[in-house]
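J.: Could you put together the complete structure from these sequences and hints?
Chains as they are written, first to last, in numbering that gives the first Met the number 0: chain H, 0 to 516; chain B, 0 to 295.
No lab work stands behind these hints, which were simulated from the structure alone.
Values in this document were obtained by computation on a predicted structure and should not be read as measured data.
Among the hints, a few may not be true.
[Unchecked claim] Heads up, simulated BS3-like pairs for lysine-lysine below, C-alpha to C-alpha not over 27 Å straight-line:
#1 H:K375 - H:K508
#2 H:K430 - B:K209
#3 H:K89 - B:K119
#4 H:K63 - H:K86
[What the hints assert, rightly or not] Computed far set for chain H versus chain B, every beta-carbon distance over 10 Å:
#5 S113
#6 Y134
#7 Q255
#8 Y511
[What the hints assert, rightly or not] If you want a taste of the chain H side facing chain B, the calculated C-beta under 10 Å gives, among others:
#9 S197
#10 L198
#11 I412
Don't be surprised by glycine CBs; every beta carbon is placed ideally from N, CA and C.
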Amino acid sequence: MLYFSKLRIIFITVFSLLFILIALSNLFKVEDSFFNKKINLGLDLQGGSYLLLEIDNTPVIEQKLQNLTTTIRNYFKNKDIKINNIKIDKQNIFFNVLDADKQFVIDVFKDENSDINPYYPRFKSHQLVLEDTGYNFKINFSKQGLIALKTSSQDAAIEIVRRRIDEVGTNEPNILKRGNNRILVELPGLDDPMRVKSLLGKTANLTFRFVTNNQNDSFGVEKLKYEDGTDEVIVSKRIIISGDNLLDAQPKMDTQTNQTVVTFSLDRVGAKRFGKATSTGIGKNLAIVLDGKIISAPVIRDTIASGSGQISGGFTFQSATDLALLLRSGALPAPLNIIEERTVGPDLGQDSINAGIIALIIGFLLVIIFMFVKYKIFGLITNVTLVINLFILLGILTLFEATLTLPGIAGIILTVGMAVDANVLIFERIKEELKNEKNNIVAFDSGYTKSRTAIIDANITTLLAAVILFFMGSGPVKGFSVTLGVGIFTTLFSVYFIARLFTSIYVSKNRYREKLI
Amino acid sequence: MIAFNKYYNHFNIVSTLLITVSLILLIFKGLNFGIDFKGGTLIELRSTDSKINVSTLRDKFSQMNLGDISVKKFGNNTDYLIKFENNNNKKNIIEEIKINLDKSFGNNFTFRRVENVGPKVSAELLKSGIIAISVALAVMLFYIWIRFEWQFSLGAILALFHDVIVTLGIFSLFRLEINLSIIAAVLTIVGYSMNDTVVIFDRVRENLRKYSDIKIFDLTNISINETLSRTIITSATTLLALLAIYFFGGEILKGFSLAMILGVVFGTYSSIYIANTVLVRLRVSQKTVLKEDDNN
Chain H
0 MLYFSKLRII
10 FITVFSLLFI
20 LIALSNLFKV
30 EDSFFNKKIN
40 LGLDLQGGSY
50 LLLEIDNTPV
60 IEQKLQNLTT
70 TIRNYFKNKD
80 IKINNIKIDK
90 QNIFFNVLDA
100 DKQFVIDVFK
110 DENSDINPYY
120 PRFKSHQLVL
130 EDTGYNFKIN
140 FSKQGLIALK
150 TSSQDAAIEI
160 VRRRIDEVGT
170 NEPNILKRGN
180 NRILVELPGL
190 DDPMRVKSLL
200 GKTANLTFRF
210 VTNNQNDSFG
220 VEKLKYEDGT
230 DEVIVSKRII
240 ISGDNLLDAQ
250 PKMDTQTNQT
260 VVTFSLDRVG
270 AKRFGKATST
280 GIGKNLAIVL
290 DGKIISAPVI
300 RDTIASGSGQ
310 ISGGFTFQSA
320 TDLALLLRSG
330 ALPAPLNIIE
340 ERTVGPDLGQ
350 DSINAGIIAL
360 IIGFLLVIIF
370 MFVKYKIFGL
380 ITNVTLVINL
390 FILLGILTLF
400 EATLTLPGIA
410 GIILTVGMAV
420 DANVLIFERI
430 KEELKNEKNN
440 IVAFDSGYTK
450 SRTAIIDANI
460 TTLLAAVILF
470 FMGSGPVKGF
480 SVTLGVGIFT
490 TLFSVYFIAR
500 LFTSIYVSKN
510 RYREKLI
Chain B
0 MIAFNKYYNH
10 FNIVSTLLIT
20 VSLILLIFKG
30 LNFGIDFKGG
40 TLIELRSTDS
50 KINVSTLRDK
60 FSQMNLGDIS
70 VKKFGNNTDY
80 LIKFENNNNK
90 KNIIEEIKIN
100 LDKSFGNNFT
110 FRRVENVGPK
120 VSAELLKSGI
130 IAISVALAVM
140 LFYIWIRFEW
150 QFSLGAILAL
160 FHDVIVTLGI
170 FSLFRLEINL
180 SIIAAVLTIV
190 GYSMNDTVVI
200 FDRVRENLRK
210 YSDIKIFDLT
220 NISINETLSR
230 TIITSATTLL
240 ALLAIYFFGG
250 EILKGFSLAM
260 ILGVVFGTYS
270 SIYIANTVLV
280 RLRVSQKTVL
290 KEDDNN
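T.: What follows is the structure, given as structure tokens:
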């Protein structure tokens with residue numbers, strides 16, 4: 000156990016130096032791309048926001064079902080089948096047909112080439128499930144249909160979220176899917192988390208609709224409140240133009256009224272419709288509705304054929320900027336709810352870094368002093384090894400550009416405390432061996448050999464705990480499992496290669512000395 | 000040589016009492032779950048105005064209708080930790096609080112930390128925390144089962160349960176908060192306790208093979224003594240590191256390091272007085288390990 004070939008010594012030296020170098024590269028700016036890697040600081044250390052958003056798909060499902068009723072009605076109308084009593088609740092469509100037509104309807108829904116019920120061959124499932132309740136037919140989304148719907152609204156939502164966050168201009172945001180209805184957003188170094196939260200909390204569904212008094216409007220009407228909550232008016236459900244028709248939106252200071260407004264320009268289709276509506280509707284009020292609330296409802300004084308216009312509504316410059324931003328980046332397919340938020344201010348992050356480093360240094364010093372007092376020269380060997388171990392650990396974290404969190408720093412400190420365990424096991428075993436064995440070399444050799452199973456067992460148990468934590472833990476706690484787990488490997492390496500190398504050099508030079516340890 | 004075995008019975012009674020009391024506490028007093036597992040909102044504030052104190056701040060917050068609220072000093076004299084349930088899950092609650100505080104105290108507060116965990120997420124976090132600990136215990140059981148004979152496995156697992164339950168019992172007794180980092184601490188305790196037990200067991204097994212004429216009662220004592228200096232040194236260095244985190248690592252890591260310190264202390268104790276006594280009570284002998292060797 001004590002013999003080292005030259006090749007191995009070279010390998011150990013090069014390996015250790017390499018990682019020390021990589022670890023040190025965190026402190027300097029190095030041009031070379033290989034050494035350009037850095038340990039990332041977690042949000043709890045550099046400050047920033049972690050937001051978990053959940054997509055509320057219920058309106059999407061309702062909308063889809065709503066559209067579906069029209070499709071079903073038209074489809075069967077062409078086949079001369081009359082659909083009766085069609086109605087929707089939150090998740091289902093109900094309808095009746097004549098008994099004679101029942102089988103036909105069932106077949107249409109079961110058909111793999113069905114026009115109204117898409118089939119997913121991969122999952123051997125239709126989008127919709129038709130159920131004969133005996134009293135009527137019930138349609139709802141199948142499991143796969145629901146998954147497909149959720150996935151597509153998640154895909155759309157993440158795109159919009161990305162655009163909105165890019166527009167705010169935070170550095171290196173991290174936007175990820177979680178499950179099929181969640182989006183995780185990590186925003187390091189954010190100055191104003193409240194602004195981002197309010198931007199992400201808005202669906203930004205913009206519509207232009209006429210204010211009407213006619214309750215019998217063929218599209219239906221609804222009562223809507225103004226955004227400031229003061230007034231209520233009846234608005235037609237007919238949409239003249241929507242946010243989809245916008246090409247651009249910008250905040251602007253209107254020099255005539257001295258008000259901040261949002262100017263917009265429309266695409267070709269939008270411009271045409273807007274022109275037509277403004278020419279036929281002169282004298283009427285056109286309500287500008289955002290997420291079910293009226294921003295303003297100006298009177299149309301003139302035909303607007305240019306395809307551009309402006310929205311006024313008592314904006315501050317900030318709120319106009321945000322509205323323009325929302326309109327530019329488009330509407331979310333469904334509302335988003337922030338179900339988890341963790342924001343750390345930059346000063347707390349810096350305090351945590353300082354506290355972590357102080358704790359690391361003090362913990363390290365305590366362990367080093369303890370080991371030196373207890374084992375003298377072998378304590379020194381352990382301590383030197385411990386320093387190298389720490390650098391290799393930091394080097395590996397740097398190499399993989401791991402994220403260091405506050406619990407992660409705790410993991411490093413804990414590694415320092417537990418890393419000496421293996422060396423202690425070895426040294427104590429050697430002491431025992433020396434009671435019966437006079438030859439130092441033989442005693443050291445068997446000390447290493449006989450302590451091996453205990454060391455491996457002991458480290459595997461800690462490693463298992465770290466692995467479980469890595470897969471089950473979240474956020475900062477995950478950082479703890481990473482440093483703890485990587486720490487076990489670096490510890491084993493430094494104990495069996497570095498410390499053993501030092502030990503072997505020392506023992507061969509003092510092989511005849513008594514009371515060596 | 001220290002006669003640890005003289006006190007096997009005494010400490011078995013102590014351990015049984017500890018576990019019973021802890022279980023009673025856990026069942027009747029329960030755990031003080033933080034917002035990670037209960038849901039709610041947490042705000043860490045720092046004031047720049049020395050005239051503001053915790054009671055005026057508490058009065059102000061209780062006027063805001065936030066439901067069950069706690070306002071406490073947090074480490075520093077100028078830092079406060081505010082927790083409330085946020086039952087109606089208002090979206091702009093933080094903004095409202097900020098406006099309210101600015102109105103009453105001027106612009107003297109910085110929001111150092113804001114955490115808001117919805118009820119759905121907290122339920123999920125609790126579930127995954129419980130699963131993580133259960134999986135960890137199961138994996139350890141499996142590991143020890145393939146490495147040792149069943150008598151040893153039972154001893155190790157009992158020691159493990161003891162450490163986890165007593166640590167949680169102490170958290171319950173002093174109403175210390177259980178949050179995500181405590182789960183991490185408990186898992187690490189599981190690893191550490193196992194580690195400590197395994198080292199002694201390794202030696203017990205080795206000695207069982209070596210000496211056929213020594214009874215397990217004395218044999219465990221020999222093994223404990225042979226590994227004692229290692230047990231003490233490793234516990235000492237680990238505790239030194241943990242104490243450094245506890246005293247210098249900042250408020251956020253206090254609960255975590257405290258749980259770990261308790262775990263290390265109980266882990267060391269249980270390796271000696273629970274794991275080994277199980278071997279004694281199950282009358283483990285040389286036959287137990289030799290039979291296993293034949294099988295292999």
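J.: Each hint needs a verdict: does it hold in this structure or not?
T.: Outcome of the hint check:
1. At roughly 17 Å between alpha-carbon atoms, H:K375 and H:K508 fall within 27 Å of each other, so this suggested pair holds.
2. Our distance criterion of 27 Å between C-alpha atoms is met by H:K430 and B:K209, whose separation comes to about 19 Å.
3. Our distance criterion of 27 Å between C-alpha atoms is met by H:K89 and B:K119, whose separation comes to about 21 Å.
4. The hinted pair formed by H:K63 and H:K86 meets the criterion: a straight-line CA distance of about 13 Å does not exceed 27 Å.
5. Separation of H:S113 from chain B is adequate, the least Cβ-Cβ distance of about 36 Å exceeding the 10 Å criterion.
6. Look at H:Y134: its CB is around 35 Å from the nearest CB on chain B, clear of 10 Å, so calling it non-interface holds up.
7. At the 10 Å boundary, the C-beta of H:Q255 stays outside the reach of chain B, the nearest C-beta of that chain being 33 Å off.
8. At the 10 Å boundary, the C-beta of H:Y511 stays outside the reach of chain B, the nearest C-beta of that chain being 26 Å off.
9. Checking H:S197 against chain B by beta carbon gives a least distance of about 7 Å; that is within 10 Å, so the hint holds.
10. Because the beta carbon of H:L198 sits about 12 Å from the nearest beta carbon in chain B, more than 10 Å, this interface hint is broken.
11. Hint status for H:I412 relative to chain B: holds, with the closest Cβ pair at about 5 Å, below 10 Å.
Checked against the numbered hints given earlier, this structure breaks only hint 10.
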